[in-house]
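For reference, the chains in residue letters:
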Amino acid sequence: MSDKKGLVLSPAQAKARRARSIAIGLVLAAMVAIFYFATIAKFGPAIFERAL
Amino acid sequence: MAIVDNHISATEAGVRLSEATPRDYFALLKPRVMSLVIFTALVGLVAAPGTLNPFIALVAILAIAVGAGASGALNMWYDADIDVVMSRTADRPVPSGRIAAGEALAFGLVLSAFSVMTLGVIVNWVAAGLLAFTIFFYAVVYTMWLKRWTPQNIVIGGAAGAFPPMIGWAAATGSVSLESVILFLIIFLWTPPHFWALALFKSGDYERAGVPMLPNVAGAAATRRQILVYSLLIAPVGAAPWAFGFASAAYGVLAVALGAGFAWHAWRVFTMADDDRAMKPAKALFAYSIVYLFAIFAAFLIDTVAGRIVGLGG
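Quick mapping for you: the protein sequence lines, in order, are chains A and B. Here numbering that gives the first Met the number 0 is used: the first residue of the first sequence is 0, the next is one more, and so on. Here numbering that gives the first Met the number 0 is used: the first residue of the second sequence is 0, the next is one more, and so on.
Treat the hints as calculated values from the structure; they're not laboratory data. Possibly wrong hints are sitting among the right ones.
Unchecked claim - Using 20 angstroms as the maximum straight-line C-alpha spacing, the simulated SDA-like pairs for lysine to any residue come out as follows: (1) K14/A <-> A99/B; (2) K41/A <-> T172/B; (3) K41/A <-> G173/B; (4) K41/A <-> M116/B; (5) K41/A <-> V125/B; (6) K41/A <-> A221/B; (7) K41/A <-> A89/B; (8) K201/B <-> R97/B; (9) K41/A <-> S17/B; (10) K14/A <-> R97/B; (11) K146/B <-> G128/B; (12) K14/A <-> S17/B; (13) K146/B <-> A208/B; (14) K14/A <-> E18/B; (15) K146/B <-> L51/B; (16) K41/A <-> A158/B; (17) K29/B <-> K14/A; (18) K14/A <-> F25/B; (19) K146/B <-> L57/B; (20) K201/B <-> D274/B; (21) K282/B <-> M271/B; (22) K41/A <-> L57/B; (23) K41/A <-> R97/B; (24) K282/B <-> G173/B; (25) K29/B <-> V125/B; (26) K41/A <-> N52/B; (27) K146/B <-> A221/B; (28) K29/B <-> A89/B; (29) K29/B <-> I23/A.
Input sequences plus hints: build the corresponding full structure.
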């Protein structure tokens, strides 16, 4: 027996939440890519010149 | 074993769970305004002297666009009460109930912070400072203060829409110069006749919302006169890049012709009959003003790029 209370999303709410989650994921991935490539663009080849 | 279903729907529980889609959030960014911001910022960035890594330039334009969109979201959060009574804005995400006001506020604040920080960290802090000031000017000075207080709201508030080419220029050079100030002035002087033309044939909307636009406060005749005055200033300012020597004579001729077209449309509005309900001249001026801004910035962009190609060839 479960006595945990919870909310059930309507199909429209669930669909909208899934779409928002995907959009947030894509935006975050884009942010990571932007900062990664911007770092390379700003430093240029010098980014690979470091002491081992 | 008894199975008890304690799950209840959000509606039954009185909890509001959002059905907003990413498309609704995108609408909060005012995409049509954003397209103008992207274009004018791009012109400022490309026309500026010096070189910028293409990827960094792309990030600059993206950050400026997102910052402009963020200010649009903050505007929609604050203006939901008046948007709901205006036909032009009633279907926006907040007044239509698709997005809660608090969600729009949080969205606008987060995007504002991210866009300014990204522009500062990746491009430069002069451009980031200008973007932050633009967001503040549009969301606080224009939306919260001027818009509901004075019929000169869009004259002063228009500065917010005029900053993008200056930010683009600053992104490339790290400074503000006469050239970017002139690009600013072109949009600054363009804004009042553009919005007053709209306000003439949408004055009922603004009156219902209690927004003191010029036609509601000073009357249609005074608005038509002010439109003409600003439109007559646009032609010389539009040609200023040529007069100050950073655009060719071909640009100057085109700018004067486009400005003359603006003045002609404004004259038709000025001579419009008081009882003209269709207001075709005002609608024509509104449509022409959009074409004008795209055309003059496109001409400046082409002129600058062509000048560089010729310079390289010579």
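Comparing the hints with the structure gives:
no. : hint              : verdict
1   : K14/A <-> A99/B   : 18 angstroms, holds
2   : K41/A <-> T172/B  : 15 angstroms, holds
3   : K41/A <-> G173/B  : 15 angstroms, holds
4   : K41/A <-> M116/B  : 16 angstroms, holds
5   : K41/A <-> V125/B  : 17 angstroms, holds
6   : K41/A <-> A221/B  : 53 angstroms, violated
7   : K41/A <-> A89/B   : 45 angstroms, violated
8   : K201/B <-> R97/B  : 25 angstroms, violated
9   : K41/A <-> S17/B   : 40 angstroms, violated
10  : K14/A <-> R97/B   : 14 angstroms, holds
11  : K146/B <-> G128/B : 24 angstroms, violated
12  : K14/A <-> S17/B   : 11 angstroms, holds
13  : K146/B <-> A208/B : 11 angstroms, holds
14  : K14/A <-> E18/B   : 8 angstroms, holds
15  : K146/B <-> L51/B  : 37 angstroms, violated
16  : K41/A <-> A158/B  : 32 angstroms, violated
17  : K29/B <-> K14/A   : 24 angstroms, violated
18  : K14/A <-> F25/B   : 17 angstroms, holds
19  : K146/B <-> L57/B  : 33 angstroms, violated
20  : K201/B <-> D274/B : 15 angstroms, holds
21  : K282/B <-> M271/B : 12 angstroms, holds
22  : K41/A <-> L57/B   : 13 angstroms, holds
23  : K41/A <-> R97/B   : 41 angstroms, violated
24  : K282/B <-> G173/B : 40 angstroms, violated
25  : K29/B <-> V125/B  : 25 angstroms, violated
26  : K41/A <-> N52/B   : 8 angstroms, holds
27  : K146/B <-> A221/B : 19 angstroms, holds
28  : K29/B <-> A89/B   : 14 angstroms, holds
29  : K29/B <-> I23/A   : 19 angstroms, holds
The structure is inconsistent with the numbered hints 6, 7, 8, 9, 11, 15, 16, 17, 19, 23, 24, 25, although it conforms to all the rest.
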